[in-house]
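Protein chains: 2
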Amino acid sequence: MAEKRGAYAKSSKRRQALSEATLRLVQEKGHRSVTVSEVAELAGTSEPTVFYHFPTKESLLISALKQFDDENIRGEGAEAGAIADMGHRAEVGVRRPHIPLLYAEMAGAGVDREHPANEYFQGRLARSLKVIATDIHRLQNEGAVPSGIDAEIAARLLLAAWEGLQFQWQHGPEFDIRAHLEWHIRAVLGPKALSTDPVASEGPSPTKGNP
Amino acid sequence: MAEKRGAYAKSSKRRQALSEATLRLVQEKGHRSVTVSEVAELAGTSEPTVFYHFPTKESLLISALKQFDDENIRGEGAEAGAIADMGHRAEVGVRRPHIPLLYAEMAGAGVDREHPANEYFQGRLARSLKVIATDIHRLQNEGAVPSGIDAEIAARLLLAAWEGLQFQWQHGPEFDIRAHLEWHIRAVLGPKALSTDPVASEGPSPTKGNP
Chain A
88 MAEKRGAYAK
98 SSKRRQALSE
108 ATLRLVQEKG
118 HRSVTVSEVA
128 ELAGTSEPTV
138 FYHFPTKESL
148 LISALKQFDD
158 ENIRGEGAEA
168 GAIADMGHRA
178 EVGVRRPHIP
188 LLYAEMAGAG
198 VDREHPANEY
208 FQGRLARSLK
218 VIATDIHRLQ
228 NEGAVPSGID
238 AEIAARLLLA
248 AWEGLQFQWQ
258 HGPEFDIRAH
268 LEWHIRAVLG
278 PKALSTDPVA
288 SEGPSPTKGN
298 P
Chain B
88 MAEKRGAYAK
98 SSKRRQALSE
108 ATLRLVQEKG
118 HRSVTVSEVA
128 ELAGTSEPTV
138 FYHFPTKESL
148 LISALKQFDD
158 ENIRGEGAEA
168 GAIADMGHRA
178 EVGVRRPHIP
188 LLYAEMAGAG
198 VDREHPANEY
208 FQGRLARSLK
218 VIATDIHRLQ
228 NEGAVPSGID
238 AEIAARLLLA
248 AWEGLQFQWQ
258 HGPEFDIRAH
268 LEWHIRAVLG
278 PKALSTDPVA
288 SEGPSPTKGN
298 P
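Which chain is which? The protein sequence lines are A and B, in order. Per the numbering used here, the first sequence runs over residues 88 to 298. Per the numbering used here, the second sequence runs over residues 88 to 298.
Hints are supplied without guarantee of correctness; some may be wrong.
[Stated by the list, open to error] Quick list of simulated restraints, FRET-style, between CB atoms:
| hint | chain 1 | residue 1 | chain 2 | residue 2 | range |
| --- | --- | --- | --- | --- | --- |
| 1 | B | K153 | A | A104 | 43 to 49 Å |
| 2 | B | S99 | A | A104 | 53 to 59 Å |
| 3 | A | T143 | B | G210 | 30 to 36 Å |
| 4 | B | E201 | A | R200 | 44 to 50 Å |
| 5 | B | T143 | A | H175 | 36 to 42 Å |
| 6 | A | E163 | B | G117 | 55 to 61 Å |
[To be verified] Chain A side only, calculated, beta carbon under 10 Å to chain B, not exhaustive:
| hint | residue |
| --- | --- |
| 7 | A96 |
| 8 | G131 |
| 9 | K153 |
| 10 | Q154 |
| 11 | F155 |
| 12 | Y190 |
| 13 | P203 |
| 14 | Y207 |
| 15 | Q209 |
| 16 | A247 |
| 17 | G251 |
| 18 | L252 |
| 19 | Q255 |
| 20 | Q257 |
| 21 | H258 |
[Said to hold, decoys possible] Here are the computed lysine-lysine pairs in the DSSO-like style, where the Cα-Cα straight-line distance is at most 27 Å:
| hint | chain 1 | residue 1 | chain 2 | residue 2 |
| --- | --- | --- | --- | --- |
| 22 | A | K144 | B | K217 |
| 23 | B | K116 | B | K217 |
| 24 | B | K97 | B | K144 |
| 25 | B | K116 | B | K153 |
| 26 | B | K116 | B | K100 |
| 27 | A | K279 | B | K279 |
Because the hints were derived from the structure by calculation, they are not lab data. For every residue, glycine included, the Cβ atom is placed at its ideal position computed from N, Cα and C.
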């Protein structure tokens with residue numbers, strides 16, 4: 088039993104190393120240029136080992152997207168600040184060179200519920216909605232967002248606008264995605280949503296309390 | 088000169104017939120199953136003629152999406168009602184069997200600015216934003232939407248949420264996309280945006296005027 092657990096842990100560690108290596112290579116040169124042999128080399132293993140863990144290049148690329156999310160989506164207990172940070176993250180997100188293209192291509196494939204990318208998008212959606220809704224509840228408890236707003240509906244709308252603005256930015260002329268998203272957050276969650284301390288955000292003295 | 092114009096008109100008519108035939112076939116069986124020879128047959132022409140007008144199956148599929156938009160996006164002068172109709176159209180849209188998959192796949196490819204789908208998405212974005220912004224201006228003139236709202240920013244946000252909710256619906260579990268989108272329209276444009284006559288929308292007497 089202990090041995091089995093050991094073998095499982097080793098395999099899981101290997102998969103993790105392969106996902107990380109793939110993500111690094113995608114970020115460096117774009118997924119179309121990444122070869123399985125490069126991934127094997129960077130992870131310090133062989134091509135057959137890569138294919139043992141990930142039977143297709145596509146499954147390897149999906150694991151790289153998951154790895155990206157693990158590094159970028161807030162974990163349980165660390166949701167505070169997700170709303171405040173959203174505009175900034177949207178701006179950084181669209182300017183990343185290679186991840187958006189991989190994400191968009193997989194999104195197209197993932198509409199097909201039989202495609203392996205679909206499971207990735209389902210999981211990512213549930214995870215993102217939970218993080219955003221949790222932060223909305225926190226802001227409601229702090230009085231920065233009206234308690235009458237349905238946090239689950241609002242979370243869906245904030246995420247939808249983020250994805251949709253990203254879609255517009257990727258396909259069309261550039262615009263200020265951060266300003267649009269922050270305008271949107273205030274429209275959906277109320278004018279105080281982006282500042283739990285309205286005085287601090289307006290005045291020159293960030294330590295001053297509410298009047 | 089007159090002859091040239093005649094040849095151009097004939098060519099343009101042929102292209103139109105091919106786009107329409109492709110769209111019908113995509114709607115019937117999905118783009119992956121459509122063959123160029125079927126398109127030729129339905130349009131009453133030959134395969135070489137199809138390839139003369141559309142050098143690849145991909146360019147034919149993009150022309151089918153344009154055709155779909157010509158049939159579904161409001162034209163100039165007919166923008167009134169675009170906002171009121173949005174929730175309903177979103178609901179019908181996600182339940183269409185084959186168009187969303189083609190749209191999503193092309194969206195993935197179209198992130199690449201060199202890909203022919205990119206031009207389609209640029210054009211569609213500009214066209215949709217214009218229709219929505221025009222209808223917002225109309226609602227502002229009627230007093231149903233506060234005049235302080237920037238119609239161009241609001242149009243971007245309405246379209247973004249629509250696309251983003253569609254994205255969530257396509258990849259994840261079903262939800263009431265119409266209710267979410269209408270909640271969103273009220274959040275962005277104010278509570279009276281979906282009814283220029285608030286009494287009519289609430290009471291049983293739609294002809295009764297404002298109090």
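Here is what the structure says about each hint:
{"no.": "1", "hint": "B/K153 x A/A104: 43 to 49 Å", "verdict": "46 Å, holds"}
{"no.": "2", "hint": "B/S99 x A/A104: 53 to 59 Å", "verdict": "57 Å, holds"}
{"no.": "3", "hint": "A/T143 x B/G210: 30 to 36 Å", "verdict": "35 Å, holds"}
{"no.": "4", "hint": "B/E201 x A/R200: 44 to 50 Å", "verdict": "30 Å, violated"}
{"no.": "5", "hint": "B/T143 x A/H175: 36 to 42 Å", "verdict": "40 Å, holds"}
{"no.": "6", "hint": "A/E163 x B/G117: 55 to 61 Å", "verdict": "40 Å, violated"}
{"no.": "7", "hint": "A96", "verdict": "31 Å, violated"}
{"no.": "8", "hint": "G131", "verdict": "32 Å, violated"}
{"no.": "9", "hint": "K153", "verdict": "15 Å, violated"}
{"no.": "10", "hint": "Q154", "verdict": "19 Å, violated"}
{"no.": "11", "hint": "F155", "verdict": "16 Å, violated"}
{"no.": "12", "hint": "Y190", "verdict": "9 Å, holds"}
{"no.": "13", "hint": "P203", "verdict": "13 Å, violated"}
{"no.": "14", "hint": "Y207", "verdict": "9 Å, holds"}
{"no.": "15", "hint": "Q209", "verdict": "5 Å, holds"}
{"no.": "16", "hint": "A247", "verdict": "3 Å, holds"}
{"no.": "17", "hint": "G251", "verdict": "3 Å, holds"}
{"no.": "18", "hint": "L252", "verdict": "5 Å, holds"}
{"no.": "19", "hint": "Q255", "verdict": "6 Å, holds"}
{"no.": "20", "hint": "Q257", "verdict": "5 Å, holds"}
{"no.": "21", "hint": "H258", "verdict": "4 Å, holds"}
{"no.": "22", "hint": "A/K144 x B/K217", "verdict": "41 Å, violated"}
{"no.": "23", "hint": "B/K116 x B/K217", "verdict": "32 Å, violated"}
{"no.": "24", "hint": "B/K97 x B/K144", "verdict": "22 Å, holds"}
{"no.": "25", "hint": "B/K116 x B/K153", "verdict": "18 Å, holds"}
{"no.": "26", "hint": "B/K116 x B/K100", "verdict": "25 Å, holds"}
{"no.": "27", "hint": "A/K279 x B/K279", "verdict": "22 Å, holds"}
In this structure, the earlier hints numbered 4, 6, 7, 8, 9, 10, 11, 13, 22, 23 are contradicted, and the remaining ones agree with it.
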